[in-house]
Amino acid sequence: DSGVTQTPKHLITATGQRVTLRCSPRSGDLSVYWYQQSLDQGLQFLIQYYNGEERAKGNILERFSAQQFPDLHSELNLSSLELGDSALYFCASSVAEGNYGYTFGSGTRLTVV
Amino acid sequence: GNSVTQMEGPVTLSEEAFLTINCTYTATGYPSLFWYVQYPGEGLQLLLKATKADDKGSNKGFEATYRKETTSFHLEKGSVQVSDSAVYFCALILWQDKLIFGTGTLLAVQP
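For the record, the sequence lines run as chains P and G.
Residue numbering for the first sequence follows our numbering, beginning at 4 and increasing consecutively.
Residue numbering for the second sequence follows our numbering, beginning at 83 and increasing consecutively.
Where hints are given, some of them may not hold.
Sample of chain P residues lacking proximity to chain G, with all beta carbon distances greater than 12 Å (derived) [stated by the list, open to error]:
| id | residue |
| --- | --- |
| 1 | 20 |
| 2 | 31 |
| 3 | 80 |
| 4 | 114 |
List of simulated lysine to any residue pairs, SDA-like, C-alpha gap at most 20 Å [said to hold, decoys possible]:
| id | chain 1 | residue 1 | chain 2 | residue 2 |
| --- | --- | --- | --- | --- |
| 5 | P | 12 | G | 121 |
| 6 | P | 60 | G | 176 |
| 7 | P | 12 | G | 125 |
Keep in mind that the hints were calculated from the coordinates and are not lab data.
We put the CB at the ideal spot given by N, CA and C, even for glycine.
Just chain P, same shape as in the assembly:
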């Protein structure tokens, strides 16, 4: 157990729908990062939050959004889902910004049918 908790582990939904992925960071970690892993794109950085504030954005689609709450858990919202959004979505956390390594959760596997 890495200490980073992601729910749900698996999600199957239809095109056009909206889903919410949840992440609880490791205790004491203030930064949360979301990554998408797909076969053709590899590991793509989506977005980072630090202590409730958005810090960096990567290749995140406009249909996707995220937030970090006062208790530091984070949610990634994916809307108007397309078949191509099927992927593994990972959350990671780190104690602070800087050149620290991240601790990853076990991921949420999203299948859009």
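For chain P, the structure is supplied; the task is to place chain G on it using the hints.
Okay, now just chain G, sitting in the frame of chain P:
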């Protein structure tokens, strides 16, 4: 931009063989370097890291040395086991930036 390049996989080895997975990087500055491992059906686990030139990271028999002159961080293990079969990712991070991954290298170890 900052990037990581890994050797293409899959790498197929027999048990007890020597492993090298090549990783080179491009960075505007002095990054920290990491190897992560992803076992089938699981998330990424930090395998080892090095934060400055000539540092050697090591864990579970794996080693990698931060070579600034060749901008490399090759992963090595003297004797692989079937249980080492996984995808290995090289990654870098610069101060207050995000972790950037290579494309990953699949290692398959046969008994």
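When you check the alpha-carbon spacing of residue 60 of chain P and residue 176 of chain G, does it fall within 20 Å?
holds, 16 Å
For residue 114 of chain P, is the shortest beta carbon distance to chain G beyond 12 Å?
Given that every Cβ of chain G is farther than 12 Å from that of residue 114 of chain P, nearest at about 14 Å, it holds.
Exclusion check [residue 31 of chain P not at the chain G interface, CB over 12 Å]:
holds, 16 Å
Just want to verify: residue 20 of chain P was marked as not at the interface with chain G; is every Cβ pair farther apart than 12 Å?
holds, 25 Å
Run the C-beta distances from residue 80 of chain P to all of chain G and say if the shortest one exceeds 12 Å.
holds, 20 Å
Checking one constraint from the list: CA of residue 12 of chain P to CA of residue 125 of chain G, max 20 Å. Satisfied?
holds, 11 Å
Holds or violated: residue 12 of chain P and residue 121 of chain G, Cα atoms, limit 20 Å.
holds, 16 Å
Hint compliance for this structure: no hint is broken.
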